[in-house]
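Asks: Let chain A serve as the given structure and place chain B on it in line with the hints.
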Amino acid sequence: MKRVLPVLTVLCGIVALWYLASVWLNATWVYDQAARDGRSVTFSQMVVETQSQERPLLPPPHQVGAELWKGLTAQAVTSKRSLVWHGYKTFEATMAGFALGIALGVGLAVAIVYSRTVDRSVMPWAIISQTVPIVALAPMIIVLSSKMGIDSKLVPKAIIAAYLSFFPVLVGMIKGLRSPDAMQLDLMRTWNASGLQNFLVLRLPSSMPYFFASLKVAIAAALVGAIVGELPSGATVGLGARMLQGSQYGRPLDMWAALFAAALLAGVLILIVGQLERLARKRMGAAG
Amino acid sequence: MKDEVTPMSRVIEARDLNLVFQTADGPVQALKDVNLTINRGDFVSFIGPSGCGKTTFLRCIAALEHPTGGRLTVNGMTPDQARMARAYGYVFQAAGLYPWRTIAGNIRLPLEIMGFSKADQEERVARVLDLVELSGFGKKFPWQLSGGMQQRASIARALAFDADILLMDEPFGALDEIVRDRLNEEVLKLWARTGKTVAFVTHSIPEAVYLSTKIVVMSPRPGRISDVIDSPLPRERPLEIRDSREFIEIAHRVREGLRAGHGDEL
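Going line by line, the protein sequences match chains A and B. Heads up: the first sequence begins at 1 in the UniProt record's numbering, then just goes up one per residue. Heads up: the second sequence begins at 1 in the UniProt record's numbering, then just goes up one per residue.
So here's chain A without its partners, still in its complex pose (with noise of 0.2 Å):
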């Protein structure tokens, strides 16, 4: 409880200003719809018409939870106007474009700091990578992929999901690797350890830590990278698509939906990540 009790307090704050905010900007369109009709409207009743509007400015919570709700549970969740089955294209994407990245990510860790030429040449251009927009560059990726042949609408979004994801892996990938510590390394030595066996039993063990941190930071980047891949004007599918759609069609509820249902599937990534942690933790002799 002691826990749960900030987390409900902030909560209930978000709400009460959401609520506020719809009021205030779906206010204009009551005024403006009474004002054609030639009747006029007190406080009360704009505020009750600013909470049921078909298209509203900003949706109040219990419109997109509804919408969200039923986007969900309405239709059967292999029917393409269900979110969960739009959730689980985009979900798909984010799993691939992640190991791909988590792949990318420790081999390039691995590869700059036992060469220092690969740290030289290499490394820049990982961090310059990631000063190219994204959304500048997914319609690229997607083209090309079309380009070469790749039919898959997957591969595309998973290599944009993997070329954000890939780089927290890589940065906290070199600093667990060069974790350990003289001492450590020279005790390795005392006992002629080979250079394999100094990165499977001491280099890739202490590097655990900064490869979960660097993982939670990397999941949602990549669930990021597969939803812009889902933007670029044509795609119908997963929840990028959605919401793209619902703001072309000026279908906000829509796009409020999968931009929750979006926010959910993130929450869920994030708790498995935690969850395999906490476990790889236990394993590794923690106390918690």
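Please keep in mind that the hints were generated in silico from the structure rather than gathered at the bench. All values reported here derive from a predicted model rather than from experimental measurement. Just to be clear, a hint being listed does not mean it is correct.
Unchecked claim - Under the rule of at most 25 Å between Cα atoms (straight-line distance), these lysine-lysine pairs were calculated in the DSS-like manner: (1) B:Lys214 x B:Lys189; (2) A:Lys216 x A:Lys175; (3) A:Lys282 x A:Lys216; (4) A:Lys282 x B:Lys139; (5) B:Lys139 x B:Lys118; (6) B:Lys140 x A:Lys282.
Replies: Coordinates of chain B only, in the frame set by chain A:
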């Protein structure tokens, strides 16, 4: 018992050993003309102020540093060859146990690296745990043990692969006086039971006198040996021996040696 000094019994031999570190502030003479012979079964303490080269000399024996002049042999080999032949176990000031491995897992680590068979590993871990009186703690993780117990585990780790030389670099420097006394007693017992040759770096005069058959007093800038004292104390040493006249005399000589080496700095 060390009447017959044959070449075989000379475990560590340093002749005119020099080591110059190149630093940003210019060269630093860490060791200057060090001559020393350590015989099989000796317990040799190195004592001196910081910067006297005692740790550096120990690291040279372990081939963690490389002398820039002179000759150093360990078991008749170069230090590097000796390291590869697993001639020594090294105990650092910090226990340096891997937090993600149990105590037994930590002691098993050098055995795994050196490729001992599984059965042999288990047998050795049990034996050295018993030797340092940590039987029953094998499944614990390092954080569950006190500092003294962790250091005992690190000694067990250094003993596990049967090197006949034990190099100890201020192993009890971070522990309190009471724990240190107990561990000193235990190290002596260990030494008596295993017959190892021990090189022991310390800051503490009582510790050096209590433990050693030979005390090497060193002084700084440049790091050199200023006195070598062969202890007349018997090998069997109860803690009370520290109140004996001989003990106090040796301690006095060590203190004098340290003071002389320090020159005008005191």
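Asks: A separate judgement is required for each hint: does it hold in the structure or not?
Replies: Okay, the hints, checked on the actual structure:
no.	hint	verdict
1	B:Lys214 x B:Lys189	holds (17 Å)
2	A:Lys216 x A:Lys175	holds (16 Å)
3	A:Lys282 x A:Lys216	holds (18 Å)
4	A:Lys282 x B:Lys139	holds (14 Å)
5	B:Lys139 x B:Lys118	holds (17 Å)
6	B:Lys140 x A:Lys282	holds (13 Å)
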